[in-house]
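Join the two chains, each given in its own frame, into one complex according to the hints.
If you read the protein sequences in the order shown, they are chains A and B. Here the first sequence stands for residues 10 to 422, where the numbers follow the working numbering. Here the second sequence stands for residues 4 to 167, where the numbers follow the working numbering.
Worth double-checking, as some hints may not be accurate.
Claimed, not checked - List of simulated lysine-lysine pairs, DSSO-like, C-alpha gap at most 27 Å:
| id | chain 1 | residue 1 | chain 2 | residue 2 |
| --- | --- | --- | --- | --- |
| 1 | A | LYS120 | B | LYS55 |
| 2 | A | LYS51 | A | LYS120 |
| 3 | B | LYS139 | A | LYS329 |
Claimed, not checked - Now the stretches of chain A that chain B is said to cover, found in silico as 3 or more residues with beta-carbon under 8 Å:
| id | region |
| --- | --- |
| 4 | 197-208 |
| 5 | 211-221 |
None of these hints come from the bench; they were simulated from the model. C-beta atoms are modelled at their ideal positions from N, C-alpha and C, and glycine is treated no differently.
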Amino acid sequence: MPARNHNQWKANPPLKGGEWIDSRIYSDPEIYEQELEDIFKKVWVPICHESELPDPYDFRTATIAREPVVVARGPDNVVRAFLNVCPHRGMMIERRPSGSFEEAAPSGNPKRMTCMFHGWQYDMKGNCVYISREKEGYQDRLCKEDTGLRRLRCEVNFGGFIWVSLDDKVMSLEDWCGDAFKCIRKPLEAEPLEIFHYHKAVIGTNYKLWHDTNSEFYHDFMHYHNRVTGFNDAYFARENTAFKHGHVNVGSFEVQYDEYEGFESRAELSFPGLPPNQWYMVDLFPGMNFNLRGSALRCDIVTPLGPDKVMIEFRGFGLKSDTPEERRTRIDHHNSIWGPFGRNLHEDLIGVAGQGSAMLPGSENRRILHGRHENNLIHDEVGMRHYYDEWGKWMNRLPSDPSQPYMPAEAAE
Amino acid sequence: MGTNGVAVGESVRDAVYRSCILLDDEKWSDWLNLCDADFEYEITAWSPEINKDMIYFSGNRDYLQSMTDMLDKHNTDHSPLRRHATVYTIDENDDGTLTVMSSLAIYQNLLDGINSHIDAGESHLFVIGRYIDKMKIEDGKAIFLERKVALDTRRLDKGSHWPL
Ligand code: FES
Ligand SMILES: [Fe+2]
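Pulled out of the complex, with its shape left as it was, chain B reads as follows (with noise of 0.2 Å):
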């Protein structure tokens, strides 16, 4: 990673750990600022049920940002998530991109869930997974080029309308 490798771990963090408050707050227009404009973005599993690598929801950025422009006009819960991720590794890669592995678990705070009264205010585990992403660094900051959440939870009740 060369010399400046403290620097770039620092940007690379703060990307990852930027990019999950944005998320957590429904922020979805600021973000995908922090990706390219080729950013591509993918939920999968691997099920050992069926044997099989599975994606469970893949985009571009232009994709993204018409589902979550069109998030007014659905149904949906309004149970924020919360995102724990922590960057475990990163490594660089021959074009001089960087795969950087998080560790993931995305918490859920119910409030219309299921039943309000007796549920809202409750908080629990919704998946547990990794953030994959692929990123490069540009004038010392680092930009997503791809995001993988890899989930190992593949029984997703409810499931959701929003990115991870």
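Same shape as in the complex, but just chain A (with noise of 0.2 Å):
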């Protein structure tokens, strides 16, 4: 067809129901709003890893829909999360983007939390452990007992990773994404991964595009690495599953990583369990993903800043055994393709970037072709289709047409 005008272009494609979306719920700022009640404040968000704080007292800080979360490590070696407010007045209580609470805050003592405000103090279990002149101030209408923190659902797992829920009533995490972790909980599981690589991006994008780009493979048309080390009949061979609850898995082929002058074979570092060069994909709902490239694990997790705007953390893990050879050439491998200054990440970036800057809240709403059916291969859109589908139950909204109330792919048509 030659270009459209503008009712040809607005008119629907010709493709069933589930196989493209409107944009506007990449753009809609009250779709962001019910995005962050009733799927970021529900569910699991892995927000930093056991790696992260070593040692009792060790804390790291975080953001799960607007709510300041802290994780903090109990002289018990437990990991606790609470919200990271204070009773008082509501300060956020830990500044710091990570620490150790065991050398005393200027206004506190040593192994407390203490609010810098008006110093009150709270132990590793989030007990309120001090108010400053309580009795004079309170004198028996309210003590320690009624001012703990709020803490929140934490568990530690599928490699060490610490998932925290603002829900009390969340569902266990194993049963949340245990399906979906299956391919590669060996190899996370085998010895404790230890975090080698820290940095983060701001892009104005939504946060779904940066999934999306992380669910479909179709766009390794954009990777030149990415063509010279697979497109071979093992690559058209691997295949995407989805899981319950939104969750998708891209399964593995053998990376030629060698085509790529420069770059070498994996095969050596492996991650245990693991055949040699082999690549898997974990993608959660709602926008977490786990990538083993054979010798080192990635891991990114989108904070959403706004419809147009996400916060995109990346870590790079190896084993905590490795010796200085091994984590550095697990470094390097990492870096080839992964890091910022790579050959994969940048290209990704401006992908999703492009697309942002082209839907702006606002901007007449377009249908997102997620239509390609190649036998659930990995050129096949249905990772998308999936996640979507999943996006619609808990939105109550129609993926093509987020005025409308969700119902199946096959009854919208």
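If you want it as structure tokens, here you go:
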């Protein structure tokens, strides 16, 4: 068809329900607010890794759906999560990204979380243990027992990631995503992992567009590296598998890294139990990604900052038992494609920034096509179809017309 | 630094500033020609988030040559970088080589960064950090043996395919 007039452009494509979506779900401020309430406040979010707080009293802070969160390792070695908000006048208690409570804050005691404002103090279990001039001000009307921190559901799992949920009634983490992790659980859990890479990107795009890019491999056409190291029969036989709760796996194949000039095979340092140079991907609803390319693990976590703004945190992992030489090789492998100056990440981020700038809030809604069918193999867009069906259920909205209530794709035709 | 310290200082500063201009102009091979055959390059950062020294990119001269030779095959944004370095200290090592520390700010001048209609022409700070160079003097010329780009910036947004 030649270029289309406005009506033709606005018409629905000749595809079935579920095979395209409306771009308003990437830009509408009301939908964004509802996503924070109905999705991000209800799911498990892997906010960091246990190797980021190795010792008792170590802490790490994060944000889920605008709510500040702190996780701290207690003297009993248990990692607990709390809302990082003081029950007195609402100050954010810990302001640094990470550190240790072993040392006293300027207005507090060692081994306590101290709110700097009026000096209230909390222990590693979230108990309020000190209120400045408690009796003088509150007499018998309010005491420390009434002013504990808000504790949050927290579990350490799937290779030592620290998962937090703002929902007290969230299902167990195992039920939430155990199936989706099956393909890489052995390599992740054979021995402790250790973080070696962290950087972040704030991009003017919707968080789901980043997750989409992590879930579809059709875009390997934009990565010269992936074209020359993949694009063989085994690559085209990689399978996408959908799991309950909107999660997806992309199956493995053997990557020919040495086909890219200057790169080398990763066989020698493959994660334990992982055949050489294999590459598995676990995409979790609503926007977390675990990517195991032989010798290094990458994890992306999205923090939506607006309908058209997302922070993506990138982490890289090796084995805690690595020798310095082994670690160095893993870091090089990680950086070659995934580092901020690597071959692929820059291209992926340009891609979603381009989508974001063409889908700003208030721009005309468009149809975004997810209609490729190739027997669930690598360039089949089943991953995104599965995700948006789940999204529709959580939001009670139809992805192809978000002003309508959810209905299954077949019924929506 | 001996009696010819002034001359050494001049060659070192000349080499550092020349490297900035050549990198700014994306003359990768000319930049590598300022470097020794065994040149080693690294972009690093210390992360207070994970309490670790990190390496974001590294490679020797051959690796950098092949990465820059392949740039045409990669999609990249075309927003030029402008490096502003000031040589702060030049110290002589026991083996006669020099350690040169420069303060570094790199600005990005947008072309197609986001929406070029709006953004092209805008400049903003891209990264801050230091160049920590190891150099030797040969025939009065300063040659790069190592360059470490020690970044403070860890929010790198779209990143880059280019050496910094
Ligand atoms: S706001 Fe925290 S002690 Fe007052
Ligand atoms: Fe990609």
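Here is how each hint holds up against the structure:
The suggested pairing of A:LYS120 with B:LYS55 holds, with an alpha-carbon distance near 23 Å, which does not exceed 27 Å. For the proposed pair A:LYS51 and A:LYS120, the alpha carbon gap of about 31 Å is over 27 Å, so the pair is violated. Among the hinted pairs, B:LYS139 with A:LYS329 is inconsistent with the structure: their alpha-carbon atoms are about 38 Å apart, more than 27 Å. With 5 residues carrying a beta carbon less than 8 Å from a beta carbon of chain B, the region 197-208 of chain A meets the three-residue requirement, and the given coverage holds.
For the region 211-221 of chain A, the stated coverage by chain B is satisfied: 3 residues place a CB nearer than 8 Å to a CB of that chain, which reaches the threshold of 3.
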